[in-house]
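Novice: Here is what each chain is made of, one letter per residue.
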Amino acid sequence: MSYIPIKRPKFSLLDRIYVVELAKGLWITLRHLVLSVMGKSRSRKDFNSKGVGICMPFPEQRWDAHLPSYYRGAPSLVRGEDGRERCVSCQLCEFICPARAIRVVPGSVDPSSPTPKQEKAPLEFEIDMLRCIYCGMCQEVCPEQAIFLSNQYLLTLTDRSKAVRTKEDLYRLGGTRKGLINKWNQYK
Amino acid sequence: METILTWCCDVLRNPQWFYLITTVLKLALVFAVILAFVVLSVWIERRVAGWIQDRPGPNRAGLPLFLLKPFGSKEKQPLSKLLQFFGCPPDGVVARLCRWLRFDREIPTFGLIQPCLDGGKLFLKQEITPKYVRTFYFILAPMLVLGPPLVAAAVVPFASGAGTPFGHIDMCVANLDIGPLWVFAVSGLSVYGLTLAGWSSNSKYPFLGGLRATAQFISYEVAMGLSVIPLLMVYGTLNLQEIVQSQADGGWTLLPLWGEGLSLQRWVLFLPLGISFLMFATCIFAEANRTPFDMAECETDLVGGYHTEYSSMKFASFFMGEYAAMVIGSAMVVTLFLGGWSIGFGADAWLANCNEWLAVLCQFAMFLVKLLAFIFFFVWVRWTLPRFRWDQVMKLCWLVFIELAVVNIVLTAVILYFVH
Chain A
1 MSYIPIKRPK
11 FSLLDRIYVV
21 ELAKGLWITL
31 RHLVLSVMGK
41 SRSRKDFNSK
51 GVGICMPFPE
61 QRWDAHLPSY
71 YRGAPSLVRG
81 EDGRERCVSC
91 QLCEFICPAR
101 AIRVVPGSVD
111 PSSPTPKQEK
121 APLEFEIDML
131 RCIYCGMCQE
141 VCPEQAIFLS
151 NQYLLTLTDR
161 SKAVRTKEDL
171 YRLGGTRKGL
181 INKWNQYK
Chain B
1 METILTWCCD
11 VLRNPQWFYL
21 ITTVLKLALV
31 FAVILAFVVL
41 SVWIERRVAG
51 WIQDRPGPNR
61 AGLPLFLLKP
71 FGSKEKQPLS
81 KLLQFFGCPP
91 DGVVARLCRW
101 LRFDREIPTF
111 GLIQPCLDGG
121 KLFLKQEITP
131 KYVRTFYFIL
141 APMLVLGPPL
151 VAAAVVPFAS
161 GAGTPFGHID
171 MCVANLDIGP
181 LWVFAVSGLS
191 VYGLTLAGWS
201 SNSKYPFLGG
211 LRATAQFISY
221 EVAMGLSVIP
231 LLMVYGTLNL
241 QEIVQSQADG
251 GWTLLPLWGE
261 GLSLQRWVLF
271 LPLGISFLMF
281 ATCIFAEANR
291 TPFDMAECET
301 DLVGGYHTEY
311 SSMKFASFFM
321 GEYAAMVIGS
331 AMVVTLFLGG
341 WSIGFGADAW
351 LANCNEWLAV
361 LCQFAMFLVK
371 LLAFIFFFVW
381 VRWTLPRFRW
391 DQVMKLCWLV
401 FIELAVVNIV
411 LTAVILYFVH
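These protein sequence lines map, in sequence, to chains A and B. According to this note's numbering, the residues represented by the first sequence are 1 to 188, in order. According to this note's numbering, the residues represented by the second sequence are 1 to 420, in order.
Here chain A stands alone, though its shape is the one from the complex (with noise of 0.2 Å):
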């Protein structure tokens, strides 16, 4: 059979004649108003909330110190831990990234850098967050661990000419991630 029949329940009289039900679904909603203006809302403390209800009242407290390690905010772009600039701009995350936001102008590495196996680094490299939709794609992509989602999450505008992060935000935003990657060590 390509349907099942629901066996719908018998209401007896005193359900059908739906004054005692009212009655009991009235005072289901009238403990979850007085509870939640007493701010003892059931699972309240799930969501960390502070106000009235389940709620978290923004702007006073904040969602900081319970964002997941994979909270995806605003990218950013990391230093390895000797300094280098980890980027190589290969620009794939430009080319995989759905919303077009990220542009990067490569330039070439100075011969005489401790790493000049690399060749290439950016000279520019921008996001444009009006157009980033977090997607995580260019963090996915990108093959020297050099781009990361941040867990910033506040991005206010009051100027669009301000939503184009330059090179240097980015940096000032990722700052120095661990881990050596050797890749490029011109001893190897």
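Calculated from the structure, these hints are not laboratory results. Wrong hints could be hidden among the right ones.
Claimed, not checked - Far from chain A, some chain B residues (derived; all Cβ distances over 10 Å): (1) V48; (2) W51; (3) R55; (4) Y192; (5) E221; (6) V303; (7) N353; (8) W380; (9) L399; (10) H420.
Unchecked claim - For the chain B half of the interface with chain A, some residues (derived, Cβ under 10 Å), not all of them: (11) I52; (12) D54; (13) G57; (14) N59; (15) R60; (16) G62; (17) C98; (18) A373; (19) F377; (20) W383.
Please read these numbers as outputs of a predicted model, since none were measured by experiment. The beta-carbon is built from N, C-alpha and C at its ideal position, and this holds for glycine as well.
Got chain A; can you put chain B on it based on the hints?
Specialist: Chain B in isolation, oriented as in the chain A frame:
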């Protein structure tokens, strides 16, 4: 000065002028109260909805203090200056309490001005009138929805009378001898608004909404009219002021605890009157077009129902009309069943003996409190019950309520005849 005073006294001594002036004053008061209660009931609706759903609701719309900036005050300064002035330590209990109440950011209104801001927003929004509508009726419809509840309010008594040197003032705009009939007749007119809105929008969903509104209003009007007849039989009058007066003397309809209310007859009559109250309240819900009976604007199957094509202030007048109908419905229930303006337990007569005007003030306050309580009940039910199916709504009216009302009338008559 003297001449002006004597002229005023002369004008007031003329009974016609006295009547005219007091009526205009009462009219202004009733209008102000209803419009204020429309705003207030929107606020109650949203806050209570929030609380029932475990969230705070709109609690932020305050008057932000950064508006003071151009006048040489920084955002957080007023509070700290004030605290310094009163000598409170900046980390003390008082300061923390003030900060919790957000005094440092704004003058808190607990979201009370949110409906006003919403109204302002709706006022400033673009007015879109689709090309395919029938313009005259399209414009007429919102007026027909907003008008009747305001007119119906004329007969609702909001306090007992009081004497002045120039004559007696009855605290009711029009003390008609056909009070409930007037309310039913006039508030029944608002169905034309809904129907015309649905029809003139010339669009499928509004049309269905208008049809539903018509059928539902007409059906429930019958049940509503029949359901109050037991009450009218008990009080033997159609004058709302007299009904409330007899409730003040002899116990509220649903709380007969003093005066005549302690007789056996009134306690036996409690059964038909209780049924009558349940039916009347339900019919008021249907008439005010509120959930669980908001079939006409049922968003889930009719997009927005009859007001789908409306925008800006026209939509706002539908919105206000709905809430005004709710306020008037509450006022009717309060007047007929919950004692209207009477304070209860014989306090009215005692207060009137002390000072008539004090009694009037207290009764007015009591009336507003009862009104607020019933508006809260409206909202409470809205967030408890899911919307009925269309056939259930119709069945409830035609197969249950009308029969029950007729039986109820007979029952009341029997009780009135046999039990003394």
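Novice: Now tell me, hint by hint, if it's right for this structure.
Specialist: Status of each hint after checking the structure:
At roughly 7 Å, the least C-beta separation between V48(B) and chain A is not larger than 10 Å, which violates its mark as non-interface. At roughly 4 Å from the closest C-beta of chain A, the C-beta of W51(B) falls inside 10 Å, breaking its exclusion from the interface. With a minimum CB-CB distance of about 4 Å to chain A, R55(B) fails to clear the 10 Å threshold, and the non-interface call is violated. Every C-beta of chain A lies more than 10 Å from that of Y192(B), the closest at about 31 Å, which supports listing it as non-interface.
Distance check for E221(B) against chain A: the nearest CB is about 22 Å away, which clears 10 Å, and the non-interface claim stands. Its beta-carbon lying about 27 Å from the closest one in chain A, V303(B) satisfies the requirement of being farther than 10 Å from that chain. Even its closest Cβ contact with chain A, about 39 Å, leaves N353(B) beyond 10 Å, as expected for a residue assigned away from the interface. Non-interface status of W380(B) relative to chain A is broken: a Cβ of that chain comes within 10 Å, the nearest being about 6 Å off.
The claim that L399(B) is not at the interface with chain A holds, since no C-beta of that chain comes within 10 Å of its own (minimum 12 Å). The Cβ of H420(B) lies farther than 10 Å from every Cβ of chain A, with a closest approach of about 30 Å, so its non-interface assignment holds. For I52(B), the shortest C-beta to C-beta distance to chain A is roughly 5 Å, which falls under 10 Å, so the interface hint holds. The restraint placing D54(B) at the interface with chain A holds, with a minimum CB-CB distance near 4 Å, inside the 10 Å limit.
A hinted interface residue such as G57(B) counts as satisfied when its beta carbon comes closer than 10 Å to some beta carbon of chain A; here the least separation is about 8 Å, so the hint holds. Using the Cβ-Cβ criterion of 10 Å, the hint placing N59(B) at the interface with chain A is satisfied: the shortest such distance is roughly 8 Å. Hint on R60(B) holds. Least Cβ distance to chain A is approximately 9 Å, under the 10 Å limit. The closest approach between the C-beta of G62(B) and any C-beta of chain A is roughly 13 Å, which is over the 10 Å cut-off, so the hint fails.
For the restraint placing C98(B) at the interface with chain A, the shortest Cβ-Cβ distance is roughly 14 Å, beyond the 10 Å limit, so the hint is violated. A distance limit of 10 Å between C-beta atoms decides the matter here; for A373(B) the minimum to chain A is near 13 Å, and the interface restraint is violated. With 10 Å as the threshold, the beta carbon of F377(B) comes within range of chain A, its nearest partner Cβ sitting at about 9 Å, so the hint holds. Because the closest C-beta pair between W383(B) and chain A is about 6 Å apart, less than 10 Å, the hint holds.
Comparing the model with each numbered hint stated earlier shows that hints 1, 2, 3, 8, 16, 17 and 18 do not hold.
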